[in-house]
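**Q** So the sequences go chain by chain: W and Z. Start counting the first sequence at 50; every next residue gets the next number (the working numbering). Start counting the second sequence at 604; every next residue gets the next number (the working numbering).
Everything labelled a hint here was simulated from the structure, so no lab data went into it. Think of the CB as a built atom: it goes at the ideal place given N, C-alpha and C, for glycine as much as any other residue. Treat the hints with caution; some may be incorrect.
[Said to hold, decoys possible] Sample of chain Z residues lacking proximity to chain W, with all beta carbon distances greater than 12 angstroms (derived):
#1 Lys611
#2 Asp624
#3 Asp651
#4 Glu664
#5 Gly670
#6 Glu674
#7 Ser696
#8 Val728
#9 Ala750
#10 Ala780
#11 Lys793
#12 Glu813
#13 Gln820
#14 Arg851
#15 Ala855
[To be verified] Residues from chain W shown here face chain Z by an in silico Cβ test under 7 angstroms; the list is partial:
#16 Val82
#17 Pro83
#18 Glu84
#19 Gln107
#20 Leu110
#21 Tyr112
#22 Asn237
#23 Arg241
#24 Val244
#25 Gly343
#26 Ala357
#27 Gly358
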Amino acid sequence: MATVSVTQRRVIAAAKKPVPVTGRFGAYGGRYVPETLMAALDELEREYEKAKNDRRFQARLEYLLKQYAGRPTPLFFAKRLTEKLGGAKIYLKREDLLHTGAHKINNCIGQALLVERMGKHRVIAETGAGQHGVATATVCALLGFECVVYMGTEDMRRQVLNVFRMRLLGAEVRGVDAGSRTLKDAINEAMRDWVTNVRTTHYLLGSVLGAHPYPTMVRDFHRVIGREARRQVLKAEGKLPKAIIACVGGGSNAIGIFYDFLKDKKVELIGVEAGGCGEGLGQHAARFRGGSPGVLQGTFSYVLQDKAGQIATTHSISAGLDYPSIGPEHAMLKDSGRAEYVPASDVEALKATTVLARTEGIIPALESAHAVAEAIKRAPKMKKSEVLIVNVSGRGDKDVGILRENLKLD
Amino acid sequence: MPFHFENKPVLVAYVTCGDPDLATTRDIILAAIESGAGIIELGVPFSDPVADGPVIQKASERALKHGTSLEQVLKLASEIREHSQSVGMIVFSYLNPILKMGMSKFCKVARHAGLDGVLITDLPVEEAGEYLREARKNDLVTVFLVAPTSTDQRLKQIATVSTGFIYAISRTGVTGARQQMPEDASGLVKRLRRFTKLPVAVGFGISTPEQFAAVGQYADAAVVGSAIVQAIERNRGHEAPAVAEFIRSLVARKS
Ligand SMILES: Cc1ncc(COP(=O)(O)O)c(C=O)c1O
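The task is simple: from the sequences and hints, build the whole structure.
**A** This is the structure:
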């Protein structure tokens with residue numbers, strides 16, 4: 050074709066100046082979904098922007114966080130753990146004390162109120178450890194929505210108590226038998242449901258993953274963790290902490306506690322990924338150790354993948370960290386060096402669970418135990434005058450089956 | 604560019620490459636061309652096909668089990684081009700395998716293989732800047748999807764950056780055969796035509812001669828995917844003749 054038509058010239062001009070995109074964290078993030086979902090994401094973004102500036106919405110959110118979920122959560126000085134490790138003063142941010150047992154409820158309440166605003170009545174969600182599924186089932190019961198939760202059958206096996214809790218709360222749990230039958234596969238199936246029923250259904254995504262506006266919106270709903278922690282540590286110690294540690298599955302509890310400390314450049318932010326049972330592809334979920342930039346399930350971030358761009362399988366003893374990609378904002382924080390990311394293995398997480406249980410009388414979720422494991426490595430190398438905050442994102446009740454299998458205490 | 608839309612509706616045949624293996628895929632495609640398919644969509648299998656129903660999911664799994672890659676699909680394209688100069692041929696892929704190869708390299712190799720264009724399922728126009736630049740450079744058409752949920756504003760945006768043809772999804776949902784074609788489809792095509800003179804293909808759920816003919820009433824082409832993939836699955840050992848027969852049955856009414 051020798052001559053360039055008017056249409057083609059228009060196309061070339063458009064190609065040079067693509068439609069501006071929002072929802073970027075440096076190079077990461079964006080909105081990579083089938084066209085069918087684009088209008089729904091636009092609607093969600095618009096509603097969320099409106100709600101942010103709506104005092105009634107904010108007042109309702111605050112009321113439910115306080116009177117229903119139990120915020121603020123304590124910042125607890127772990128005296129015996131501090132003494133045992135002999136270094137930094139360790140504080141625990143007690144998200145495990147929230148209603149339903151993990152930080153996940155913060156985001157679920159926020160999104161559920163948006164569902165109400167949008168006039169939708171059906172909510173779907175994915176879940177790995179079952180904590181997000183339980184929190185979703187809970188808010189759906191509270192506000193009277195129909196609720197369907199997708200869960201990999203491997204995760205249903207290892208988090209059987211949470212499956213029952215969801216059903217008790219009136220949710221339908223649909224097992225997903227594809228791939229490695231874990232979190233990623235559950236998200237695929239939830240996205241297929243959403244593509245089909247998008248006109249009536251809200252997808253209540255449980256971490257800072259997926260297409261814009263989810264990573265931003267879910268982060269905002271969890272910011273309350275860091276906002277409280279900052280105020281609490283200043284009150285208790287009169288100074289900021291030296292470091293903050295949180296586990297990173299998708300990254301919602303971590304970004305929630307990190308966010309209000311980002312501007313405090315001296316505060317070290319440490320995310321802990323699942324080191325699993327080895328360093329080979331398929332043996333862990335440490336995206337920053339074995340992954341590279343790619344697109345999975347709506348967002349551009351670090352992804353564990355093979356040479357042909359097929360997504361790798363992952364392994365972790367903790368279902369909530371067992372996922373091949375990571376929230377795009379964490380990818381940006383990693384590249385810029387503002388946050389640091391380290392792995393903790395299955396064995397280290399199990400050990401940390403026992404340590405925290407026996408020094409402080411707190412049984413953490415296996416996800417949170419990864420953060421505790423890093424604290425156990427790091428605190429002894431820090432000065433006694435320095436303060437370390439560990440985000441205990443959830444409690445370990447759901448994990449007693451796995452703990453019992455692995456710890457051989459009977 | 605070998606897209607011919609004179610004899611409507613054109614049959615666009617989707618095949619998941621590498622199911623059951625690449626040599627068979629090649630035979631299937633040649634048979635499809637022979638029996639009346641005007642455009643071939645070479646489906647690149649992906650580990651996480653969020654827009655696909657069970658039939659194409661399972662086909663992708665089978666293809667990936669023996670390591671079918673984008674690179675191999677592009678090689679297959681050049682083999683098919685050797686056999687047929689006149690068939691239209693596009694790659695149908697999720698974004699990540701293409702990103703892994705590199706958009707620029709992918710577009711070069713695709714053109715070199717004799718492909719006419721590309722459709723990336725999970726790449727909406729907002730994110731398509733680099734893709735559009737590289738595809739234009741290599742003279743590949745950029746096919747985008749429109750959906751019943753696309754607003755008029757989106758249809759307009761999509762029409763602006765589309766070349767070759769536009770692919771209208773007949774209904775909200777994943778790929779897969781359905782008993783009835785929904786009302787959505789013709790209304791969507793009507794809305795879309797206000798913004799474009801490009802030919803429009805309708806797909807998702809077409810599996811019978813009746814549906815094929817019905818789509819021909821308002822669209823320029825009809826895409827048949829899952830039904831072909833299912834014919835492949837159900838006719839182990841004689842896939843190509845089975846697909847040929849199926850395609851002949853679809854286009855038989857066309858005069
Ligand atoms: C207690 C707990 N912590 C952490 C996570 C990981 O998610 P995120 O990284 O989004 O906080 C989960 C997920 O299921 C969880 O249940």
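**Q** Each hint: holds or not?
**A** Evaluated hints:
1. Lys611: holds, 21 angstroms
2. Asp624: At about 16 angstroms from chain W, Asp624/Z clears the 12 angstroms cut-off, so the statement holds.
3. Asp651: violated, 5 angstroms
4. Glu664: violated, 8 angstroms
5. Gly670: About 8 angstroms separates Gly670/Z from the closest Cβ of chain W, which leaves it inside 12 angstroms; violated.
6. Glu674: violated, 7 angstroms
7. Ser696: violated, 10 angstroms
8. Val728: Check fails; 6 angstroms does not lie beyond 12 angstroms.
9. Ala750: Given that some Cβ of chain W is not farther than 12 angstroms from that of Ala750/Z, nearest at about 4 angstroms, it is violated.
10. Ala780: holds, 14 angstroms
11. Lys793: Answer for Lys793/Z: holds, closest chain W Cβ roughly 18 angstroms.
12. Glu813: It holds; Glu813/Z is separated from chain W by about 23 angstroms at its closest Cβ, greater than 12 angstroms.
13. Gln820: Per Cβ check, Gln820/Z is outside 12 angstroms of chain W; nearest 23 angstroms; holds.
14. Arg851: holds, 31 angstroms
15. Ala855: It holds; Ala855/Z is separated from chain W by about 32 angstroms at its closest Cβ, greater than 12 angstroms.
16. Val82: For Val82/W, the interface hint holds, since the closest Cβ of chain Z sits about 6 angstroms away, which is under 7 angstroms.
17. Pro83: holds, 4 angstroms
18. Glu84: This interface hint holds because 4 angstroms falls under the 7 angstroms limit.
19. Gln107: violated, 29 angstroms
20. Leu110: violated, 28 angstroms
21. Tyr112: violated, 34 angstroms
22. Asn237: This hint holds: Asn237/W lies near chain Z, its Cβ roughly 5 angstroms from the closest one there, short of 7 angstroms.
23. Arg241: holds, 5 angstroms
24. Val244: Where the cut-off is 7 angstroms and the nearest Cβ of chain Z is about 6 angstroms from Val244/W, the hint holds.
25. Gly343: holds, 5 angstroms
26. Ala357: holds, 4 angstroms
27. Gly358: holds, 3 angstroms
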